[in-house]
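Protein chains in written order, with my numbering: chain A, 1 to 289; chain B, 1 to 323.
No lab work stands behind these hints, which were simulated from the structure alone. Nothing here was measured: the structure is a model prediction, and the numbers come from that model. Any given hint might turn out to be false.
[What the hints assert, rightly or not] Result set (BS3-like, lysine-lysine): computed pairs, CA atoms no more than 25 Å apart in a straight line:
id, chain 1, residue 1, chain 2, residue 2
1, B, K65, B, K19
2, A, K179, B, K53
3, B, K65, A, K179
4, B, K172, B, K127
[Unchecked claim] Reference listing, derived: stretches of chain A covered by chain B, where coverage requires no fewer than 3 residues with Cβ under 8 Å from a Cβ of chain B:
id, region
5, 31 to 39
6, 173 to 187
[To be verified] Which residues of chain A face chain B? A partial, calculated answer using Cβ under 8 Å:
id, residue
7, A141
8, R280
9, D284
10, P285
Every residue, glycine too, gets a C-beta built ideally from N, C-alpha and C.
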Amino acid sequence: MPAISKNGRAKSQTMEVIKRLSKNKLALSGLIIILLLTLLAVFAPLIAPYGYAEQNLNAVYLSPCKEHLLGTDRLGRDILSRLIFGTRQSLRIGVLSVAIAAVLGTILGSIAGFYGGRTDNIIMRILDIYQSIPGMLLSIALAASLGPGVNNAIIAIGISTIPSYSRIIRASIMTVRDKEYIEAAIAINANDFRIITRHVLPNAFAPLIVEITMNIGNSILAAATLSFIGLGAQPPSPEWGAMLSEGKNFMRDYGYLVIYPGVCIMASVLSFNLLGDGLRDALDPRLKN
Amino acid sequence: MENNLLKVNDLIIEYHSDKKIVQAVNGVNLELNKGETLGLVGETGAGKTTIAKAILRILPDPPAKIKQGKIFFEGTDLLELSEKKMSHIKGNEISMIFQDPMTALNPIMSIGKQIAETIRLHEKISKARANIEAIKMLELVGIPGERFGEYPHQFSGGMKQRVVIAMALACKPKLLLADEPTTALDVTIQAQVLELMNKLKKELNTSVLLITHDLGIVAEMCDKVAVIYAGEVVESGSAIDIFDNTAHPYTKGLFDSLPKLDSMESRLKPIKGMMPDPTELPSGCKFYDRCPYAVEDCKSLGAEKKEMGSGHYVLCRRAGEVC
Chain A
1 MPAISKNGRA
11 KSQTMEVIKR
21 LSKNKLALSG
31 LIIILLLTLL
41 AVFAPLIAPY
51 GYAEQNLNAV
61 YLSPCKEHLL
71 GTDRLGRDIL
81 SRLIFGTRQS
91 LRIGVLSVAI
101 AAVLGTILGS
111 IAGFYGGRTD
121 NIIMRILDIY
131 QSIPGMLLSI
141 ALAASLGPGV
151 NNAIIAIGIS
161 TIPSYSRIIR
171 ASIMTVRDKE
181 YIEAAIAINA
191 NDFRIITRHV
201 LPNAFAPLIV
211 EITMNIGNSI
221 LAAATLSFIG
231 LGAQPPSPEW
241 GAMLSEGKNF
251 MRDYGYLVIY
261 PGVCIMASVL
271 SFNLLGDGLR
281 DALDPRLKN
Chain B
1 MENNLLKVND
11 LIIEYHSDKK
21 IVQAVNGVNL
31 ELNKGETLGL
41 VGETGAGKTT
51 IAKAILRILP
61 DPPAKIKQGK
71 IFFEGTDLLE
81 LSEKKMSHIK
91 GNEISMIFQD
101 PMTALNPIMS
111 IGKQIAETIR
121 LHEKISKARA
131 NIEAIKMLEL
141 VGIPGERFGE
151 YPHQFSGGMK
161 QRVVIAMALA
171 CKPKLLLADE
181 PTTALDVTIQ
191 AQVLELMNKL
201 KKELNTSVLL
211 ITHDLGIVAE
221 MCDKVAVIYA
231 GEVVESGSAI
241 DIFDNTAHPY
251 TKGLFDSLPK
261 LDSMESRLKP
271 IKGMMPDPTE
281 LPSGCKFYDR
291 CPYAVEDCKS
301 LGAEKKEMGS
311 GHYVLCRRAG
321 EVC
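Build the full structure now, drawing on both the sequences and the hints.
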């Protein structure tokens, strides 16, 4: 199979990855769920049967029925509609906070891992101090000082999870750093930035991809905790985690109040994990078949 | 001299670790003319690779420190060049082939891209042009251009070494540092790779500094030879001088330790003893403890550089007397 076309351009890498990804059924199903959730988030006002804050005090704690497919909560708000609108908040929190943490963590971890020595020591010791503060406590403190709100919650969660990414990428980079092809890249006069971004990071990225997808779920849950103590999403805006903690009090009598948001969180976390796992394999040309 | 490409003068390199100082290279002088191949022979740990990396200025500092010496490349001292000027030379005028082709290529970048990257780092040309150049280089080393987009794991060891050679030669360097280019390959592939290097060397008029511990390869490839022992050049001269008029006991020991085809020998004849610990080099001649011809003066007065014939230098007090 010729991998190069007439104009001398190599066959698109992205197409190759997509092709390999599509062979992986599990990853593909993860991707489909994520796409569906994204669509739900984008078209929420069109899809949801009721507004997310629409109260109907004549119909509180309804079990699933024809009018309210998933029932209603203590203020008579339609749970299905709230879940659909909640997709917007929860996906945003999960993806953005992880993105913040992964980007900053990768930068710090790569610098520490690649240069080693004193640079490594300074960065990692600061992160050690950082990590000695319990993560949740740190997020709460950050969110409290930034003020309540979803965006601040995202920043708080993002910042408080930086060290774990740094650690993973640093360890991974240290095994790649001493490979001969890195020395070869130095010998052809590639600069440090190029070596790190083109040669070191792509080879060290696999464990990080898994960590990223696993943490999206954790972030959604962390945001729920923040919402619970009043620092995350503000009522009445719906957010899966917030709905979960709100429903917790009525769990014994109205189990569906926690089951549905829980299922949503689980489904999204699972699909991100499946996708992440598949992506890691698809991005590695050594596993090409 | 017009024809001179590389000249290493009195190079001293040390590795500093916590408490010890490893004296890796101790006053090495080398000379290489355009179009020539210089073989750097010596056992493991003799300092061969350190010399090559010093020339390319890719020694990790710390721990390595160049204490003294000059490395002239076309008349300019590389060790005094600015980072910027050096970057023009690195990979462009001087390039390096690494020992193990299995690990010298980035496993997740297609080989074509890796060659094109080298070209694009030094020449301002479009991506598409660089890719075409890369294909040309691949074909030059005998790999079909269609394999441009394939990854290192899809190639055999010998093919990978060809790719590495293509990368090293992509910018048509004036000097190629080949650090044991065939050590990791089996014998038949070795022959192919050496033949290829010889051919390309002639086509591109590249000079080669060939680092090896295989005397057979030296005989095949080199015009000149420098034998390194404990960071010193103990014998240097033309390949004929070294092979036919061996003058240093160490070089002689190396030849004696090779099995001979024309006589039945049940045991190899190794050089007795071990190379001295580079953190505590002995005073006097460094080969003293292993030398069968050593006399008292060798220890107390040290080795002496002697010229045996034109261009044939030996670092031995008793050269010419005993062997």
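Here is how each hint holds up against the structure:
1. K65(B) / K19(B): 15 Å, holds
2. K179(A) / K53(B): Holds. K179(A) to K53(B) sits at ~16 Å (cutoff 25 Å).
3. K65(B) / K179(A): 22 Å, holds
4. K172(B) / K127(B): Given that 25 Å is the threshold and the Cα spacing comes to 18 Å, the pair holds.
5. 31 to 39: violated (count 0)
6. 173 to 187: With 8 residues in contact (Cβ-Cβ under 8 Å with chain B), the coverage given for the region 173 to 187 of chain A holds.
7. A141: 40 Å, violated
8. R280: 12 Å, violated
9. D284: 7 Å, holds
10. P285: 4 Å, holds
In summary, the numbered hints that this structure violates are 5, 7, 8.
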